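*Asks:* For the record, the sequence lines run as chains A and B.
With the working numbering, letter number 73 in the first sequence gets 73, and the count goes up by one each step, no holes.
With the working numbering, letter number 73 in the second sequence gets 73, and the count goes up by one each step, no holes.
Rather than coming from a laboratory, the hints here were simulated on the basis of the structure.
In this text the structure is predicted, and so the values were computed from the model without any measurement.
Just so you know, even glycine gets a beta-carbon here, dropped at the ideal spot from N, CA and C.
Some clues are possibly wrong.
Okay, the calculated beta carbon distance ranges per label pair [to be verified]: (1) A:9 x B:5: 27 to 37 Å; (2) A:200 x B:99: 42 to 52 Å; (3) A:171 x B:71: 33 to 43 Å; (4) A:177 x B:99: 26 to 36 Å; (5) B:102 x A:184: 16 to 26 Å; (6) B:71 x A:133: 14 to 24 Å.
Calculated Cβ distances over 12 Å to all of chain A for the following chain B residues [claimed, not checked]: (7) 26; (8) 45; (9) 46; (10) 55; (11) 61; (12) 62; (13) 75; (14) 78.
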Amino acid sequence: MHMSDGLLNATTSMLFIGVAVVGVAIAAARARGDLDDRTAPMAGLVAAFVFAAQMINFPVLPGVSGHLLGGALAAILVGPWVGALCVSIVLVVQALVFADGGLTALGANVTNMALIGTAAGFLVALALKRVAARGRGGLVAVAFVAALVNTVVASLGFVLEFAIGGDTAFPVSGVAGTVVGVHVLIGVGEGVITALTVGAVAAVRPDLVYLLRGAAKPLELRTGVVA
Amino acid sequence: MRKPWFFLGFLLAALVIAGAVSYLADSNPDGLDHATMQGCQVVDDQLTGSCIAKNAEDHRLAEGPLADYTVGGSDGSTGLAGVLGVGITLVVAGGLFWVLRKRSVTT
C-alpha cells in the first residue's frame, strides 16, 4: 500500500508529513511507558518481523496482490504506541533504503499504515479484550478481526488523501470503491497472518502479548501462611 | 533460560521469511497500485492509457544499493536484500526502543 511520489499534490503531501510527524512524536512520548528491559528487545524484533512479512505479497485476485501492513499485529504484541513506531520505522527504512514508497509520500504512508491503521486495529482489539482473554482461540479470533479492520481503515486513509489532494481528473468514488474492495480481501490475508503470529507468540510467551496484560489471572505463588 | 530462545526463534522466523519465503512473493501490483492503474495497460513495462498511476514519479533513491529489494540491482538477490533489511530494521528499531525504555530502578 506504499504510495509513490506524485499521486498527491505537494500541499497535501506536506500536510500529511505534518500529521505523521505529530503522530509519531505523540507515539514516541507515550511509548516510553510501555518499554522496559524486557519489552524493548521484543519491540525491535516485532519491527524486524513486520519488515520481513511486508515483503511477502500474496495473491488476492487475478493479477492483484497484497501484503501485511502489520499495525494490528504490532499493537497487539507491543501496544499501540510502540506498535505505531514499529510500522513507522519499517516504512522509513523501506523508503530510504529500498526505494519503496515515495519520499514526499512518506508522511501519507506513515499516516495510513502506521497511525490510523494501527489505531483502528488496536481499538478493535481493545473493545474485544474480554474475548481475547478467554483463551488462545479467543485471542486468535480477535487478532484476525483487528487486522482486517486495520487494513481496510488504512486504505480509507488513502481515499481521504486522494480526495484532498489527488488528481481531480479521476472521481474519488470510483477510486474509493476499488481501493476499499480490494483491501477487504487483503485484510483477510492480514487477518490470517496476524492471527497465526499472535497465536504462536501467545503459545510460547503469553506474558509478551501486550493485549493480555492485566487480563489473564496469573498463577500466584503463595508462600505465606494464611492467617 | 528460555527467554533468549524465544527471541532467537522470532528473529530466525523474520530472517527465513525475508531471506527465503520472499522468493515466493506475488509480483503482481498490490491493491493500491491495482486501483491507481485502472484505465491503463502495461505494455513493455510502460503504462499506456489514462490512470492515476501515470502521475507516479520515479523514486528519488531508485539508484540506491538496495533499491527494489535487490543488492545492486542483481537478479536473485532479493533474499540477501531482505536479510539485510531485517538487520537494519532490528538495529534501528531495537536501538530506538532501547534508548526510549524506562530504566529499571535498582533498589
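*Asks:* All hints, please: hold or fail.
*Replies:* Tested hints:
1. A:9 x B:5: 27 to 37 Å: Hint violated: Cβ distance 51 Å, outside 27 to 37 Å.
2. A:200 x B:99: 42 to 52 Å: At 28 Å between Cβs, range violated.
3. A:171 x B:71: 33 to 43 Å: Since residue 171 of chain A and residue 71 of chain B have Cβ atoms about 42 Å apart, the given range 33 to 43 Å holds.
4. A:177 x B:99: 26 to 36 Å: Violated: the Cβ-Cβ distance is about 44 Å, outside 26 to 36 Å.
5. B:102 x A:184: 16 to 26 Å: Violated - the Cβ-Cβ distance for residue 102 of chain B and residue 184 of chain A, about 39 Å, lies outside 16 to 26 Å.
6. B:71 x A:133: 14 to 24 Å: violated, 45 Å
7. 26: violated, 4 Å
8. 45: Holds: least Cβ distance 15 Å, greater than 12 Å.
9. 46: For residue 46 of chain B, whose nearest Cβ neighbour in chain A is about 15 Å away, the distance exceeds 12 Å, so it holds.
10. 55: violated, 5 Å
11. 61: Non-interface label on residue 61 of chain B violated, nearest chain A Cβ at 5 Å vs cutoff 12 Å.
12. 62: Per Cβ check, residue 62 of chain B is inside 12 Å of chain A; nearest 5 Å; violated.
13. 75: Correct as stated: the minimum Cβ-Cβ distance to chain A is 16 Å, above 12 Å.
14. 78: Incorrect as stated: the minimum Cβ-Cβ distance to chain A is 8 Å, not above 12 Å.
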